[in-house]
Every structure is written in C-alpha cells, then in structure tokens.
Amino acid sequence: KQEVTQIPAALSVPEGENLVLNCSFTDSAIYNLQWFRQDPGKGLTSLLLIQSSQREQTSGRLNASLDKSSGRSTLYIAASQPGDSATYLCAVWDGGSQGNLIFGKGTKLSVKP
Amino acid sequence: GAVVSQHPSRVICKSGTSVKIECRSLDFQATTMFWYRQFPKQSLMLMATSNEGSKATYEQGVEKDKFLINHASLTLSTLTVTSAHPEDSSFYICSARVDRGGNSPLHFGNGTRLTVT
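So the protein lines, in turn, are chains A and B.
Taking my numbering, the leading residue of the first sequence gets 6, the next gets one more, and so forth.
Taking my numbering, the leading residue of the second sequence gets 20, the next gets one more, and so forth.
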C-alpha cells in the first residue's frame, strides 16, 4: 500500500531564506507526483505536477524534483516571502484508473517578516 | 485555468439534519470527481470517486448510505451528509480532472467546513 510522508511537519524561516520541503513515498511505481499549497480553511492550489519520466519542474520561485527510484521528491522555494506561509502537500498518483491521489500530511510553512 | 467551485464554504447544522455540498467544474467537463475529507493535522483522505451517470465508488470504511453522492451532469457532483452527527464535523473538499486518468493536474474546490452541533 502506497504511503506518502512529508518531513518536516512544520517549518519556520525568516523572510528571504531558501528552503526545501521533503516528500517520500514507499512504492516507486508512480505515474506522477503533484505539489499543492493549502491556505488555512481553504482548498488546494496545484503548484507543480511532475510526470514519472521527468526529473524536475519549475514555476517561478518554485522548483520540484523527483527521484522515482529512491521514492523522493523535494520542493525548493527560493527567496521565501511571508505570502508563502501555508501548508504544502505532496501527492502521488499510482496509476489507478480513476486517477485519485494519495496525499502526505503536509508541511506547515511559516515565513517570518 | 480549470476552476472548481464548491459551495457552501462553511455550514453549521444540528445533529440529525442533512447537509448538501455542491461541487461544480466551471470551465471544463469533469467525467470524474473526487470527494476528500480532512481532519485537523491529517492528510486528505479519499472518501469516494464520483462518475457522471453512474454510482459512486466508495473507499473502504466510508458509509455510502450516510454520504450520498450524485454526479448527475458533467459539471456537477453533490455530496449529501445524511443525519449528520458531531463526528462528521470535518473539512470536505472536492476535486476534478480535465481528462480521465491521472496525467493532468487535479483541481480542487475551496472546501466546505462542516460543523455539526
């Protein structure tokens, strides 16, 4: 059974720092991995989707990498800002016909001004 | 981009009543929608997969008679929590894809905070 783990559970950094969020999954047979952002009491915003054949994806200050063989992904946030404060979730699709995702518990990020 | 609208965003109801949550894909057709539930500090857990025109597929441990799902059109799925109890208080989120399978991003609604008193 696929399990997704995110470390750390919470992270607090001063504004301007570069940071890395980690995601690991137990079964490397995934089709893609997706990173989301969740603001308190809100739904999820898709940040980056990495296909299993890709190594990384970039969007603005965000860079996500994928090492499928080792079951790991990282989300790199450059020059963090207070507006980046949120919970970041990673999720994998294991190829099920319906396309639902398996989520980690998230990393709660706080960027201090 | 693809937008999923979920309504209401917040609802408070008395124990024993039923609550309906709507999930709409605004600018695309969603043959499949997903309903998740999230407890505080926990990951999203899939409750059921909703397919247009057919019965929903429920995950193990989810009572289909309690959580009624209807996907009557390609742009609307509803989740009805019947005879709600305080333990049903949670954050419910729906999602949808533009196409079948998982090779496109999953888009989420803003969620519904249900509080049962």
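Among the hints, erroneous ones may be present.
Calculated lysine-lysine pairs in the DSSO-like style (CA-CA distance at most 30 Å, straight line) [to be verified]:
| hint | chain 1 | residue 1 | chain 2 | residue 2 |
| --- | --- | --- | --- | --- |
| 1 | B | K85 | B | K39 |
| 2 | A | K6 | B | K74 |
| 3 | A | K6 | B | K33 |
Simulated DEER-style distance windows between Cβ atoms [claimed, not checked]:
| hint | chain 1 | residue 1 | chain 2 | residue 2 | range |
| --- | --- | --- | --- | --- | --- |
| 4 | A | Y81 | B | L87 | 28 to 34 Å |
| 5 | A | D32 | B | F58 | 35 to 41 Å |
| 6 | B | C32 | A | T50 | 23 to 29 Å |
| 7 | B | T99 | A | E22 | 24 to 30 Å |
| 8 | A | T50 | B | K39 | 22 to 28 Å |
| 9 | B | M64 | A | A34 | 31 to 37 Å |
| 10 | A | Y81 | B | S37 | 25 to 31 Å |
| 11 | A | E8 | B | T99 | 42 to 48 Å |
Don't read these hints as lab results, they were simulated from the structure.
Cβ coordinates follow ideal geometry from the N, Cα and C atoms, glycine included.
- request: Return holds or violated for the Cβ distance of Y81(A) and S37(B) against the range 25 to 31 Å.
  value: violated (45 Å)
- prompt: Is the hinted range of 22 to 28 Å satisfied by the C-beta distance from T50(A) to K39(B)?
  reply: With a Cβ separation near 25 Å, T50(A) and K39(B) satisfy 22 to 28 Å, so the hint holds.
query: Is it true that the C-beta distance of D32(A) to F58(B) lies inside 35 to 41 Å, as the hint says?
result: Hint violated: Cβ distance 24 Å, outside 35 to 41 Å.
message: Quick check: does the Cβ-Cβ distance between C32(B) and T50(A) fall within 23 to 29 Å?
response: holds (28 Å)
- request: Note whether the CB distance of E8(A) and T99(B) lies within 42 to 48 Å or breaks it.
  value: violated (31 Å)
query: Is 28 to 34 Å right for how far apart the beta carbons of Y81(A) and L87(B) are?
result: With a Cβ separation near 43 Å, Y81(A) and L87(B) fall outside 28 to 34 Å, so the hint is violated.
task: Starting from the hint 24 to 30 Å, judge whether the C-beta atoms of T99(B) and E22(A) obey it.
output: violated (46 Å)
task: Quickly compare the C-alpha distance for K6(A) and K74(B) to 30 Å and report which way the hint goes.
output: Given pair K6(A), K74(B) holds - Cα atoms ~25 Å apart, limit 30 Å.
field: Hinted pair K85(B) and K39(B), Cα distance within 30 Å
entry: holds (12 Å)
message: For a C-alpha distance cap of 30 Å, please report whether K6(A) and K33(B) respect it.
response: Given pair K6(A), K33(B) is violated - Cα atoms ~37 Å apart, limit 30 Å.
message: Given the hint of 31 to 37 Å, is the C-beta distance from M64(B) to A34(A) inside that range or not?
response: violated (21 Å)
The structure fails to meet hints 3, 4, 5, 7, 9, 10, 11 from the earlier list, while all remaining hints are met.
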